[in-house]
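Colleague: Each chain is listed here by its residues.
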Amino acid sequence: MATLAPTLGQQAPRSPRARAVRRHVFIYLGLIPFMIIAVGPVIWMAITAIKQDSDLYLVGAIPFWFNQPPTWKNFDFLFNNTFYRDWIVNTMAISFWVSTITLLTAVPAGYALARLRLPFAENLGIAIFMTYLVPAIILFIPLARVVSELGLQDSWWALVVVYPTFTIPFCTWLLMGFFKTVPFEIEEAAMVDGCGQLGALLRVVLPVSWPGLITAVIFSFTLSMQDFLYSLAFVSISEEKPVPLGVATELIRGDIYFWGSLMAGALLVGVPVAIVYNFFLDRFISGITGAAIK
Amino acid sequence: MTELSAGGVPPSTSLSVAVGGRVGVQSWWRTPTARRYLFGYTLLAPAVLYVLLLVGIPFVFSLYLAMSDASVGVPVAHFVGLENFRTAVENASFYTALRNTIVFTVGAGILKGLLGTTLAFLLVQAFRGRKVIRALVVIPFTLPIAVSVLGWKWMFDSQFSVINWALNKAALIGPYGSPDWPVWLGQPWLAFFSVMFVNVWRGFPFSAIVLLAGLTSVPPEIIDAAKVDGTSFLKRFRLVIVPMIAPILFIGSAFDTVFTLSDLSIVYLLTNGGPDGATEILPTLAYNTGIRGGALGRGAAISLFLFPLLLPAMIMLLRTLRRRQY
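Residue numbers (the working numbering), protein chains in the order written: chain R, 1 to 294; chain Z, 1 to 326.
No lab work stands behind these hints, which were simulated from the structure alone. Note that the structure is a prediction, hence the values are computed from the model and not measured. Each hint should be verified, as a subset may be incorrect.
[Unchecked claim] To spell it out: a stretch of chain Z is covered by chain R in this simulated footprint if at least three of its residues, at any positions, have a beta carbon under 8 Å from a beta carbon of chain R; those stretches are:
| no. | region |
| --- | --- |
| 1 | 60-69 |
| 2 | 136-150 |
| 3 | 207-214 |
| 4 | 247-257 |
| 5 | 264-277 |
| 6 | 280-292 |
| 7 | 297-308 |
We put the beta carbon where it would ideally sit given N, CA and C, even for glycine.
Build out the structure end to end from the sequences listed, making use of the hints.
Modeller: As structure tokens, then:
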């Protein structure tokens with residue numbers, strides 16, 4: 001009885017602090033499995049990337065630890081024995097040109113749809129966005145014809161032509177939402193000051209819209225990096241490949257997997273992309289769910 | 001009065017004639033509205049043309065290809081009607097692929113929905129380190145897909161699978177070589193499960209973040225009002241939260257369905273449809289038939305079978321997007 005009384009007394013008016021701690025413990029316990037599932041594979045990839053080959057195949061050893069000292073050998077192999085340098089250069093070049101094409105087309109389109117009170121603007125905007133949903137798997141065979149007509153098969157330029165088919169619809173939609181948030185007054189003020197419609201767009205609206213433009217560039221880059229099918233179907237020459245395709249196809253020779261270099265090459269590009277994407281994820285979500293209009 | 005009016009009328013009529021004349025000369029395309037339209041459609045033209053040329057026309061072209069005997073290296077294709085569709089339907093591997101595609105999409109969709117909802121309800125709470133944990137949990141979705149699939153391929157390795165190592169240490173399975181040692185990508189059912197698991201792994205953060213956006217868009221006043229009214233948690237959930245997040249949940253799963261149906265990289269890189277067709281899905285079948293096998297027409301026909309599966313998701317998205325506009 002004597003021992004029961006204090007516990008009962010304690011339980012009834014639980015202090016707010018104790019409640020907060022209990023709540024946190026509860027939430028963290030719920031989140032731990034998700035964390036392990038989400039991050040575990042990436043950590044395992046990173047460990048593999050800097051392990052010695054012989055260490056990977058040590059039977060009986062703890063795989064999460066270094067039984068032999070860590071090494072940069074896998075990265076050496078990647079840069080000296082494969083076309084990894086070319087793949088990085090290709091990836092950068094593709095991203096640059098895709099971003100340029102996307103900006104040159106999606107910025108004017110987004111602006112026109114959002115600001116010029118055109119008839120059918122909303123429906124046209126939705127129609128353009130719907131093309132983002134026509135999947136690559138339906139388009140890649142006819143596009144293979146287009147690519148070969150243009151003489152671009154087996155060149156990364158094929159991807160520069162093809163990637164805007166999904167970056168333009170997405171970025172037009174995104175920028176349409178963005179331009180709606182730019183106040184009309186600054187444009188009107190510019191036009192009162194003697195700017196034409198084009199002048200107002202170039203000199204006043206674009207300079208204040210740089211966050212939207214940067215977002216469009218980021219998505220041109222991250223969405224291009226998510227592609228696998230187009231590069232697989234259109235580019236088969238080793239030195240023309242972008243990084244994801246190159247790593248996935250060139251580091252497996254017959255039955256031999258260069259696991260260390262595979263993981264090194266994958267993460268070296270994958271992690272920066274994931275970090276950048278992470279910062280812009282909310283924009284992506286609000287963009288596709290239509291909540292960009294606010 | 002009459003003088004004045006008489007004197008006043010002629011100038012006013014001449015003035016009105018002058019104005020009328022100017023309006024008559026000035027065609028409608030010189031009015032400010034028309035010029036705004038012209039400017040607007042000029043700005044729209046590059047994007048619309050690009051999409052039309054490289055999405056619209058190829059889409060129509062794929063319908064034509066699907067009804068032709070086009071193949072790689074043969075410049076002239078002949079119209080063969082529905083022959084390709086018939087050949088596809090008569091092929092047993094097509095049914096396997098169709099069944100796998102449906103089971104894969106629906107099964108993975110349900111799992112992603114459940115996991116995503118759980119995660120969203122955890123992440124919507126206020127707690128320390130919320131931002132960091134959120135950023136870590138979404139990594140599977142933000143990592144380029146080919147990259148993460150390679151990681152999984154290594155984890156599903158037949159001998160050095162880290163998953164098997166952990167299961168073995170937990171005494172759930174025997175050592176390498178024993179009959180209960182799972183060869184993840186080598187046994188039909190396990191391979192199907194593995195492929196689906198990787199899809200779920202990649203997609204659940206997306207479902208969670210979409211739902212999180214829905215949950216945070218429920219104004220707290222509404223929930224507070226319901227609390228004051230004395231409704232129980234379950235009732236609040238059912239009557240207030242669910243109706244408000246349901247549209248977002250639908251959008252999320254519709255997008256996810258589109259992503260899943262059109263994704264080839266997981267299956268292609270992990271199993272390429274094997275073992276023995278156990279993980280064959282329509283995208284891999286279309287790729288292997290159309291590009292690898294060179295039968296462009298038949299490949300196009302197979303990939304078009306995805307369209308009826310995609311259509312419900314796309315219609316749902318179209319309707320929701322429309323409703324949100326106004």
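Colleague: So, for every hint listed, does it hold in this structure?
Modeller: A quick look at each hint next to the structure:
1. With a cut-off of 8 Å between beta carbons, the region 60-69 of chain Z has 3 residues touching chain R; three or more are needed, and the interface restraint holds.
2. Look at the region 136-150 of chain Z against chain R: 15 of its residues bring a Cβ nearer than 8 Å to a Cβ of that chain, three or more, so the hint holds.
3. Closer than 8 Å: that is the beta-carbon criterion, and the region 207-214 of chain Z has 3 residues meeting it against chain R, so the requirement of 3 holds.
4. Under a criterion of three residues with beta carbons nearer than 8 Å to beta carbons of chain R, the stated coverage of the region 247-257 of chain Z is upheld, 4 such residues being counted.
5. Using a Cβ-Cβ cut-off of 8 Å, 4 residues of the region 264-277 of chain Z lie near chain R, which meets the minimum of three, so the contact claim holds.
6. Only residues whose C-beta sits within less than 8 Å of a C-beta in chain R count toward coverage, and the region 280-292 of chain Z has 6 of them, enough to reach three; the restraint holds.
7. For a cut-off of 8 Å, the count of residues in the region 297-308 of chain Z with a CB near a CB of chain R stands at 6, and the three-residue condition holds.
When held up to the earlier numbered hints, the structure conflicts with none and fits them all.
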